[in-house]
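Here the structure of chain A is known, so what remains is to put chain B in place on it, guided by the hints.
Take a look at the letters that make up each chain.
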Amino acid sequence: GQQVMQIPQYQHVQEGEDFTTYCNSSTTLSNIQWYKQRPGGHPVFLIQLVKSGEVKKQKRLTFQFGEAKKNSSLHITATQTTDVGTYFCAGRRGGADGLTFGKGTHLIIQP
Amino acid sequence: DAGVIQSPRHEVTEMGQEVTLRCKPISGHDYLFWYRQTMMRGLELLIYFNNNVPIDDSGMPEDRFSAKMPNASFSTLKIQPSEPRDSAVYFCASSPGGGSNQPQHFGDGTRLSIL
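One line per chain: the protein sequences are A and B, in this order.
Per the numbering used here, the very first residue in the first sequence carries number 1; after that it's consecutive.
Per the numbering used here, the very first residue in the second sequence carries number 1001; after that it's consecutive.
For reference, chain A alone in the conformation it holds in the complex (with noise of 0.2 Å):
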């Protein structure tokens, strides 16, 4: 079955250092979507790619899809307190509709 693998699985960084997880798919996906999960909480979208090469920016956050569209990254500039959480990807299984997501990236900021 179709597997998606994140990495790093964790990420230390002094605040205002940059941040990039990284996520690979063993098949060619539609869409991929992109999530955080804070402590304690629930994944949240923050946005979808579906063009081969397509780049999204939400402020300090960078999205990236591969021009095979089987990869896919997060990038954030100058990181905040508030960037703490898990960071998931996730891609559509085969030809379902259900998502099979990455096992996420913990960011953990050292103020």
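Mixed in with the good hints, there may be bad ones.
Chain B stretches covered by chain A per the calculated footprint, using a threshold of three residues with CB under 8 Å from any CB of chain A [to be verified]: (1) 1042-1052; (2) 1103-1114.
Distance ranges between label pairs, derived from CB positions [what the hints assert, rightly or not]: (3) B/Arg-1064 <-> A/Arg-38: 45 to 51 Å; (4) B/Ile-1055 <-> A/Val-84: 31 to 37 Å; (5) A/Val-50 <-> B/Gln-1017: 43 to 49 Å; (6) A/Thr-81 <-> B/Phe-1074: 36 to 42 Å; (7) B/Glu-1044 <-> A/Arg-60: 43 to 49 Å; (8) A/Glu-17 <-> B/Pro-1081: 45 to 51 Å.
Which stretches of chain A does chain B cover? Using the computed rule of at least three CB atoms under 8 Å from a CB of chain B, they are [to be verified]: (9) 37-48; (10) 75-83.
No lab work stands behind these hints, which were simulated from the structure alone.
For every residue, glycine included, the Cβ atom is placed at its ideal position computed from N, Cα and C.
Positioned in the frame of chain A, the structure of chain B alone reads:
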């Protein structure tokens, strides 16, 4: 607007007992998803419904797990009998028509502990 509502928020019970988790999706959403989250396995899709019909239950771990959606505003996930390895956070999510092309809206989850 009310989001996805799950109950209970926390459940602690002894192994062998029946556990029922409940979910009310966002009104008007056609899709409902049940997920299980653990440190070891991450966020796993268990089953999802489209217009109250189960579409894919391949993620349901075994026959001890069952899910129903009797109407558009209510779904249950039942574990019988429960085992300690079922301890996890169970999330319900809903999305509008369009399935995986739409954002999923998650409830606050049920934190389940089986002793």
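Do the hints match the structure? See the list:
Under a criterion of three residues with beta carbons nearer than 8 Å to beta carbons of chain A, the stated coverage of the region 1042-1052 of chain B is upheld, 6 such residues being counted. Counting residues of the region 1103-1114 of chain B whose beta carbon lies closer than 8 Å to any beta carbon of chain A gives 7, which reaches the threshold of three, so the coverage claim holds. Here the CB-CB span from B/Arg-1064 to A/Arg-38 is close to 31 Å, at odds with the stated 45 to 51 Å. At about 35 Å, the CB distance of B/Ile-1055 to A/Val-84 agrees with the hint of 31 to 37 Å.
Remark: the range hint 43 to 49 Å for A/Val-50 to B/Gln-1017 is upheld by a beta-carbon distance near 44 Å. About 39 Å separates the C-beta atoms of A/Thr-81 and B/Phe-1074, a value consistent with the hinted range of 36 to 42 Å. The hinted window of 43 to 49 Å between B/Glu-1044 and A/Arg-60 is violated, with their beta carbons roughly 30 Å apart. In this structure, A/Glu-17 and B/Pro-1081 meet the distance hint of 45 to 51 Å, their C-beta atoms being roughly 49 Å apart.
Only when three residues or more bring their CB closer than 8 Å to a CB of chain B does the claim for the region 37-48 of chain A stand; here the count is 6, and the claim holds. Beta-carbon proximity to chain B at under 8 Å applies to 0 residues in the region 75-83 of chain A; the threshold of 3 is not reached and the given coverage is violated.
Consistency note: the structure conflicts with the earlier hints numbered 3, 7, 10.
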